[in-house]
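Visitor: Spelled out from the first residue to the last, the chains are:
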Amino acid sequence: MVRAEPRLSSEEAAPPAVSLRAVSFAWPGQENPVLHIPELTIKAGERLFIFGPSGSGKSTLLGLLSGVLTASEGEVSVQGTALHKLGGAARDRFRGDHVGVIFQQFNLVPYLSILENVLIPCRFSARRAARAARQAGSAALAARNLLECLDLRAELWERRVAHLSVGQQQRVAAARALIGGPELLIADEPTSSLDADRRRDFLRLLLRECENSGSTLIFVSHDQGLAAEFSSAANFEELNRRAGR
Amino acid sequence: MRNLTAARAAEMIRFTYLFFLAGKSAWNRRGTLLLVVLSIALSTTLLLGLERVRTQVRESFVQAVSGVDLVVGARGGDMQLMLYAVFHLGGATNNMSWKSALSIAARPDVAWSVPISLGDSHNGYPVVGTSADFFTRYRFRGGRELQLAQGGSFSDLFDVVTGSEVAKKHGYVPGSRIILSHGNSGAQLARHEDKPFVVSGVLRPTGTPVDRSLYISLEAMEAIHLNWQGGAPIRGLEIRPDQVRKFNLEPKSITALLVGMKSRSRVFALQQDIRNWKEEALTGVMPGVAMDQIWRLVSTGEQALFLVSGLVIFTGLAGLASAILAGLGERRRELAILRSAGARPLDILILLACEGFLLLCAGMACGLLLLVLLLLALGPTLADSYGIALHVSPPGTGELLLLGGIAAAGFLTCLIPAWRAYRLSLADGLTAST
Chain R
-4 MVRAEPRLSS EEAAPPAVSL RAVSFAWPGQ ENPVLHIPEL TIKAGERLFI FGPSGSGKST
56 LLGLLSGVLT ASEGEVSVQG TALHKLGGAA RDRFRGDHVG VIFQQFNLVP YLSILENVLI
116 PCRFSARRAA RAARQAGSAA LAARNLLECL DLRAELWERR VAHLSVGQQQ RVAAARALIG
176 GPELLIADEP TSSLDADRRR DFLRLLLREC ENSGSTLIFV SHDQGLAAEF SSAANFEELN
236 RRAGR
Chain P
416 MRNLTAARAA EMIRFTYLFF LAGKSAWNRR GTLLLVVLSI ALSTTLLLGL ERVRTQVRES
476 FVQAVSGVDL VVGARGGDMQ LMLYAVFHLG GATNNMSWKS ALSIAARPDV AWSVPISLGD
536 SHNGYPVVGT SADFFTRYRF RGGRELQLAQ GGSFSDLFDV VTGSEVAKKH GYVPGSRIIL
596 SHGNSGAQLA RHEDKPFVVS GVLRPTGTPV DRSLYISLEA MEAIHLNWQG GAPIRGLEIR
656 PDQVRKFNLE PKSITALLVG MKSRSRVFAL QQDIRNWKEE ALTGVMPGVA MDQIWRLVST
716 GEQALFLVSG LVIFTGLAGL ASAILAGLGE RRRELAILRS AGARPLDILI LLACEGFLLL
776 CAGMACGLLL LVLLLLALGP TLADSYGIAL HVSPPGTGEL LLLGGIAAAG FLTCLIPAWR
836 AYRLSLADGL TAST
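Line order of the protein sequences matches chains R and P.
Using this note's numbering, read the first sequence as starting at -4 and increasing by one per residue.
Using this note's numbering, read the second sequence as starting at 416 and increasing by one per residue.
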């Protein structure tokens, strides 16, 4: 749910998954911000679909939420942590601990096995590794469980990434984003390289696994047709009120 | 406190993982990187091999004569005296008297002495008049003794023992008859045709000037010059070889005297006495010091060689950096994935530096292996024909310094692509274009 009233969420016990206030972002050396969001609050556990045309700055928003980019102005809070106050290394650490990311395509490290690809976040974040181990006994078992839930058969696990279909690759990416139950899951057009049938299958699996882990999902796409699957949807162009528009 | 240790442990785990990633990534692109490793291996082999040969050549040069405590001769240049006494080079301008030589030899602190008398040559190789003691007293490279490959020492007046190179070049074996030339110009204007010599023995290769010399007894040296004066035979005076034994063949002078002391500590006393010699102006030189000086004169080429192999290393390292830099473009995606999973830009820097360093180490290890194989394959041949002993042995200080130098230079080189990756991953964030 996208709230217009910023203060409403503070009355709830749990902090919102995401809270943005008067955020603007400009690339270094550029005067005009590509992004200006006066207000955005996303409740914990929500499945939010954000749609908007390509090149409108959706990925920039996700960069801000994952702490890879820093806002030129304004406040960015994720899970109650004020990212704009953190240094670079602390933001990287926060991302490793609390955020899972799925890209549009080429989501996998080519020289690692599928299992190793899923386990990457556990290598960088002790917290994710510990949570995965608590869920399944060990991080590796958690990875196997996730791969199974995402319909990737065991005989594929040790195989080279290049031998997978695009749909299979995206499911491995989903498993990697989900391992260790990060509170926030960010998906940047993960279905746009899939055909219609696979798109729906992938989406259902992703939503189911988010439900299981209780993660908040922010799903960005230019394909408005997917909106029906989500609990709420927002038009990116309404969120983003760039200066001069 | 506990938090600090935990943080440090986490850093270690992370570093290990990055190292694992670097190894996997390099292995994945082994086809392209093999050439880089090979070029580093070859430059390592070249640099270390050169160092090995250099130290060995230097050692065989400086230790061309060992066990000799003092070289005595007429006063003049110290280095010149060494050139006469050890390399048998140059024409001695001044000789020392045989009388002085005898009184030095008779000193109680002198264990042995061997005379050296120059002046004649054979096909450009110096002919040295000496005593049979030369073959037992002469030592080279840490106390090695001269050994006869064939035949024996002098037994007859006109016997000659040849160095290995002389014998090899002219195919001399014991029993071969040879004619000596007067003077060392190589121009065979004045030959001792009337008194042919017979090869009695051939020495084994030593890698010292001995290989390029012929040895005769002092008496023979005296005998062939009985009817000579001022560099030419005395007209009308002919002395047949069978007649020479009737003459007094004791020499009047020699070029130099090699002296071994009973106790090394007495060297300085003898040197002092020789400097104050009443009968004539003499000098005594300690071989080690003088040989070092000569080496420094002749070894300027070695620096040029060193420079060249340094450049080869530079080329190898530049290849390493450019290979990693070239691969960076297609790896931006992969780096973005790692970043999305919580990797810091610093982790990316470490990852790339590790990868470069792994390749460097692999290259250096291959280079060392290649060097060992080369030493095993070529060592015996080199020892036989040049007397340069190249053994497989643990690296010396110089070699360790070189290896350390390559590693340090290599590490700095690896930081170039690592830094570039760091900058890229900062700029790219999660949105690296494919």
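To be clear, the hints were calculated from the coordinates, so they are not data collected in a lab.
Treat each hint with caution, since some may be false.
As the list claims (entries may be wrong) - Residues of chain P clear of chain R, computed beta-carbon distances all greater than 10 angstroms: (1) S440; (2) N642; (3) E749; (4) A751; (5) I752; (6) I831.
Said to hold, decoys possible - Here chain P is said to cover these stretches of chain R; the calculated rule only asks that three of the stretch's residues, wherever they fall, bring their Cβ under 8 angstroms from a Cβ of chain P: (7) 80 to 89; (8) 119 to 127; (9) 223 to 234.
Keep in mind that this is a model prediction, so the values were computed, not measured.
The beta-carbon is built from N, C-alpha and C at its ideal position, and this holds for glycine as well.
Visitor: Now tell me, hint by hint, if it's right for this structure.
Guide: Status of each hint after checking the structure:
1. S440: violated, 5 angstroms
2. N642: holds, 88 angstroms
3. E749: violated, 5 angstroms
4. A751: P/A751 not clear of chain R: closest Cβ-Cβ about 8 angstroms, inside 10 angstroms.
5. I752: violated, 6 angstroms
6. I831: Answer for P/I831: holds, closest chain R Cβ roughly 22 angstroms.
7. 80 to 89: Our answer is that it holds, as 4 residues pass the Cβ test (under 8 angstroms) against chain P, meeting three.
8. 119 to 127: With 4 residues in contact (Cβ-Cβ under 8 angstroms with chain P), the coverage given for the stretch 119 to 127 of chain R holds.
9. 223 to 234: It is violated, with 0 qualifying residues against the three required.
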